[in-house]
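**Student:** Spelled out, the chains give:
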Amino acid sequence: MRSSSNERPGPGAFAAVAAIAAFFALFLFYPLVYVFNKSFIVNGRPTLEFFELLFKSPALRESIGNSLMIAAAVTLLSAALGLAFAWLLSRTDLPAKGLWSNLLLFPLILPPFVGAIGIRYVFGRFGMINILLMKAGIISEMNPIDWLGSPFWGVVILETLHLFPIMLLNISGSFALMDPSLEDAARSLGARGAALFRTVTAPLLMPGFFAGASIVFIWAMTDLGTPLLFEYRAVAPVQIFNAVQATQENALGYALVVAVLLITAAFFMLSKFVFARRRVDMPAFGRSAGRLVRLSVPGKVAFCAALAVFVLIALIPHVSVVLVSFSEKWFMSALPQEWTLDYYGKVFTHPMSYNSVKNSLALSGLAVIVTMAAGGTIAYLLARKKFKGQGILDACAMLPLAVPGVVLAFGYVQGFFGTSLDPRVNPVPLLVIGYAVRRLPLVVRALYAGFQQTGAALEEASASLGAGPAPTLRFITLPLIRANMLGAAILAFAFSMLEVSDSLILAMEEKFFPMTKAIYMLMARLGDGGMIASAMGVLGALLLAAALAAAQKLLGKKMGDLFRA
Amino acid sequence: MASVEFRNVTKRFGSVAAVDGISLTVERGELFFLLGPSGCGKTTALRMLAGFVEPDEGTILFDGRDVSRLPAHRRNVGMVFQTYALFPHMTVERNVEYGLRFRKTAAAERAARVAEALERTRLSGLGPRYPSELSGGQQQRVALARALAIQPEVLLLDEPLSNLDTKLRIEVREEIKRIHQEFKITAVYVTHDQDEALSLADRMAIMRNGRIEQAGTPAEIYAKPRNEFVAGFVGETNLLDGTAEPRGGAFGYATAAGWVPAQREAANGRAAARISLRPECVRLGEPEGAPARGVVRRVSFFGGSVRVEIELENGATLSSVSLGADTRLTWREGDAAGVYAEADNAVVLE
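In order, the protein sequence lines correspond to chains A and B.
So in this note's numbering, spot 414 of the first sequence is number 414, and the numbers just go up one at a time.
Numbers given in this note's numbering equal positions in the second sequence, counted from 1, plus 1000.
These are calculated hints, taken from the structure and not from any lab test.
Treat the numbers as computed from the prediction; the structure is a model and nothing was measured.
Please note that the accuracy of each hint is not assured.
[To be verified] Short, incomplete list of chain A residues facing chain B, as computed with Cβ under 7 Å: (1) Ala456; (2) Leu458; (3) Glu460; (4) Ser464; (5) Pro479.
[What the hints assert, rightly or not] With beta-carbon atoms standing in for the labels, derived distance ranges: (6) B:Ser1038 to A:Ser296: 51 to 61 Å; (7) B:Ser1300 to A:Ser296: 16 to 26 Å; (8) B:Ser1135 to A:Ala19: 42 to 52 Å; (9) B:Phe1301 to A:Gly98: 32 to 42 Å; (10) A:Gln390 to B:Phe1301: 53 to 63 Å.
The C-beta atom is built at its ideal place from N, Cα and C for all residues, glycine as well.
Chain B on its own, in the form it takes in the complex (with noise of 0.2 Å):
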């Protein structure tokens, strides 16, 4: 097991900077995880830890070491790939064997290590199968048990869960942040897709355009997103326009929405400010006496949770959801609301 680290890392491709002057650290037994939008540079992040790709700038170190220029077979760096990248032609006992045939392991010492790996993957008994004769969600248990078998300093999985359908794929998620938790591995993580950086992650990174956006753990990232970008990209979110305006000894903002409080420092004492406001803390209620008014542009239930677009005396629309226990049920289109923001403190970006 292994920290990781990115110190200034630049990867062009032509012209393009793929990955643009990153740095970064990933602690020991963290599962880290890199979340952005396609194109925005983490799967080229994650390739030049694997050693497929050379950074042109920076270096990039395992604890501590600098493994830039070292090519792939001697990094012992697990990668589970986006196809699973099983061999065809060989059994999955086979596969989780190959790592071994590198590493002048003893031939017992080896169908142990196999036998392990297909265990702690709840793969036993499937290893003489071949990957052809596997479901998809198997496949990708061969995988991982493959990429384990060689006990790396390094996990790195590449959007591992793409190519599964979705109940199968919140399975596959709770299975790898179990596997996680029982190798004690660090592991890096990418993908597009904020539910499973958010439910698995200890800490993650949002990345756009080749940079770092923010970086910190899900409940930090979530809680206080840094600019718009990182607001809109991790969790829904409305985005308002604010004015500076202390109120009864308080500092906020003034919107659309209502006042909201905000800390002074976080604001850097901005007058005017763009405001993110999540949409479980805007709470609908009568119009009258309510900080803001609007009409209920359209209702979607989504069973446990109801979602409600309101539009804003300004134009503006903005969403609200509230758990169905304690929501009036009864909003419909059309319907006069009042908006009652209740942060304790407005989230104010840069």
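Here chain A stands alone, though its shape is the one from the complex (with noise of 0.2 Å):
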């Protein structure tokens, strides 16, 4: 039983602690509030009105019905997809691991919405797919093949490459914390294959499962960029996204944000406490080099082809991104007819995304040092403090992850209205918050973590060799977790550079776009938009790449458990 009297908060923690409930408050609380009110009190008086249009009204039903649908069909195409190649890189001889290992989780660094630009190029109806198909002879130019003709599998499948990591990455994690003398002991007991796995395997495998899981449900539920892009407006994102634009108060986006948060905050407290509460404390002694499956030959190249199949189709977006971002022109033909560099340049001279650029650098360096400060702080006192509230100081730093960045971003642009911070007058305050809520669970995880290892007794060994708290932390603490501070600090740079609800939502005038919004905005321009919007987009994507390779070598082992709800 130990305990210091460090860890009774002094008036400093008071002060912190009532720092981040306000800043929590304001930024996380009054918006959801807000639109709750919003929807549940007309005029002073409380009434169902708005919860009853989500029942009424045939266009709000269908839009949430269809992101329901897209979540679902994500989650499952990602589960299926970790699952197969978790087991495979974790528990069979498949030969060249580490490559194949890599070459998964590299579709993680394109962002969906920027796959989508190439995607238009390749399976558009003149695209490259049905123009080879042509000149094979196989259709005719007067009746191409619709392929994107449903938005809703263009979407599910973008989403799918995007995020089928994290499960990949959760699962995986699973396997590797799992004693695989648990599996032989079942075994031993008379256990064999799908019971083996019934019984031990996938229980243990739970907990990372639907840590992933909720993550990735909630991402594609509530995705605004991917399906804007492909055009596809009812789904609830976009539909939210128009409520915003919309001039006159709009009771369907209240009732939209206020289903959709709900739908999103059930999820993710079912996953939490029904599905992962039983979390397997596995002993870190003992473990024995777990017995791998032996593949056959034929079963070596089988799965191989398979996984090289697969990662050739799930790099068709970044190929198409990368190809047209060169494209001189590109019209009527398999590949780009002329090849250019320009677009490279204009990402410079454009104005809008020239201005673009500058803005996401600042907002987003801006939003590292809030949630730097404010992740700081909360990872800092939930490991060397102890009080009452602890758990809801926790739960609130992590709430970011169960609520999704477009009901967010409406709060803020209803609930400020008129405020001094109103995004309509200038959005940067609030982009700035924005970005830096969202990327609270990450820091405060990445720091946690780097407290945790450091341990208390080397804090108390240089106090008790005379250093007061500051020079404790300036010579010791601050030095130790270095590495996850700069792990967290990249990863929440590139996260925020390519941030799409709070950009697309909070930015309304071209002088305050970030990256994200200029893509979308470039697009929808005739000319050398889509080409400039690619050159955006395979930048970002360079961004993000270089971003979670530091961060890896950072953070090792650990990056995995970013990604978990």
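Put the complex together from the two separate chains, hints included.
**Tutor:** If you want it as structure tokens, here you go:
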């Protein structure tokens, strides 16, 4: 039973808790409460009027239904792919596992809405596929196949390609934690095959599985960028986006936001407290090297071929975006007729794109400062102090995982209307705060892990040698968690550069556009808009790839933990 | 160097009193041990001396000065942690120098003090290494050097040997004794290992459930444990029920292992009492004419000594330890043996 007086919060800690509480109250709870209030109280009287709309309005029902279907399809597909790949990489003697694991994580770097740009060039009516088919004489020029006729599957496939690596990371993590002797023990007791999987393996995989699944589900359900670029309007996030654009107060918007929030919160709770609650703590000692399933030679060939095909398909959006960004002319041909580097130059000369890159750099930089300050304080309070309400603090810090970006952005626009933070006047403060809030779970986790592994004894040793709290922080704590801080800051920065919902919803005037909004606006322009947008998307993906690689180096194996719910 | 005093000190965690009203004085220059099972409050008591835990009640005094509310970094206390807590991002030198940075020591003197501390802990030459490049025993000594370099008023040691293997433990134990004598420093040492305490301590306190059961020199506590807990925790013992029975003008108790003399005042005149009889006070011999008899149940050979377990006629088990040289090594399980209690005075427990 050990506790130190340092753990008892002093005046500094109280001030920190108060500041953090105020931050959450203003920028997380107030907008949500505002939205709830608006939807359930009209003219000072409580009403379910808005809520009835959910059932009465066919448009609302349809968009919620579509979003749920997208989320379900993406989650199921990602889970199946993640499980299969994780099994292959963790439990078999598949050759070149390191290579496959990197190739399979690669799709994570391309935000799906960027991939959507390329996909339109490849699968469009006169895109690469149809042209090739026409040249081969399989289809006629008069009657091209409408591959994207159903934007539903386009969205599902792009989001799945982006999100299955998260399932793969989580399930692989569970496999790595699992003591193989448990399965051996079950085998020695007579369990085999499906029975073994059902009774021992699956229950031990559950926590990791649901931690990943809830992130994937919420992400897919509320992703705004991808359906927007596919011009798929009948989904909840796009409807919310349109509701913000509308000048007068829009009942549908409120009802939708509340419905989406309730659904995602319910799913989050369900996965967190029902499925993942029985967190299985496995002993760290005496772990035997797992016995790998031996694949036959034809089996190895078949699995490698299947993986190769999958990787090739998964990379179509990447490849096509890159092609578009380099194409001088690409019309009615399988590949661009002429190549150019101009569009990369134009990213930095075209006023809208150049301005947006500058804006994004500044906004993301500021957001990193805010989220590192808030997240660092929270992680420190959670790891080093003992006080009532720590559970609540932790829950608040993780709440942005359950609250979709579109919901919060909608709440910001409505809740801060007419105040000095009104995004219609100047969206910069709320963009910075919105980015920061969204990255808070990641930062808190990375830094909490740093504090945990540093241990309080080193700080006590420092104190006993005469160092007060400030020198201890400077000479001991900060240097020791530097890798975690750097990893968290880099990831937070890259994800902020590519943040979609806040950027699209909060930035309304061109001079405030961040990169993602500029990409969206450029796509709608004729001429070279799509090419510049692609070049920006490629640059964004490169940034994310570099950030993930750096973070992997800095945070090591723990990086997978950052993509959990 | 300072004396250390706990005066009616209590510390509660929730509703549990981890330390429950202890009073204790450690004299200047003493190597004092807090010994007890895990959860007895010894570590909490130590952490209160370090300043990591504030007492709820009572005062802690260094040389008569109340330091109860003084934060750790103002106490000038050196501490050796169970895990050593060496700063992994600093070399051995920087670790040892660390505390001097906060003491307005001139650079030249700092270097001299670091060199001296390294030399006296036999670490010279390891200064530029990082802790991860050192063996467990060396890390241990760096932790000591770092704590001593600040010339603390009190040195605190929290189970410093628990991460070392048995052989190294005995080596480092002697090293700590030597360093303590050389530095002539007041030291408080927490452990659950009675061998460490008995072999090193000038004086020690046995703790249980946040209270001090008994304090004294190792010899006093071993020879005159106050109660069953202390008798059983420090060394091995046989506990017997005794009935007061004067014999030949002397006071004593009749037990299943025979009659043992006792001091009347220690017994407080009680007619019935618990008696502690150390195994080395139980001699085995011929059954004929012995004060008590039993059957040998188990013989364990330890090289230097032999331990024999006897089942007495009343069914109780008694153990006897004798030096290998002067015992019949021929005791076998099932032999009948006579039991001779050879205590000058029985230890009558409270």
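**Student:** Hint by hint, say whether it matches the structure.
**Tutor:** How the hints compare with the structure:
| no. | hint | verdict |
| --- | --- | --- |
| 1 | Ala456 | violated, 9 Å |
| 2 | Leu458 | holds, 5 Å |
| 3 | Glu460 | holds, 6 Å |
| 4 | Ser464 | holds, 4 Å |
| 5 | Pro479 | holds, 5 Å |
| 6 | B:Ser1038 to A:Ser296: 51 to 61 Å | holds, 54 Å |
| 7 | B:Ser1300 to A:Ser296: 16 to 26 Å | violated, 57 Å |
| 8 | B:Ser1135 to A:Ala19: 42 to 52 Å | holds, 46 Å |
| 9 | B:Phe1301 to A:Gly98: 32 to 42 Å | violated, 56 Å |
| 10 | A:Gln390 to B:Phe1301: 53 to 63 Å | holds, 56 Å |
When held up to the earlier numbered hints, the structure conflicts with 1, 7 and 9 and fits the remainder.
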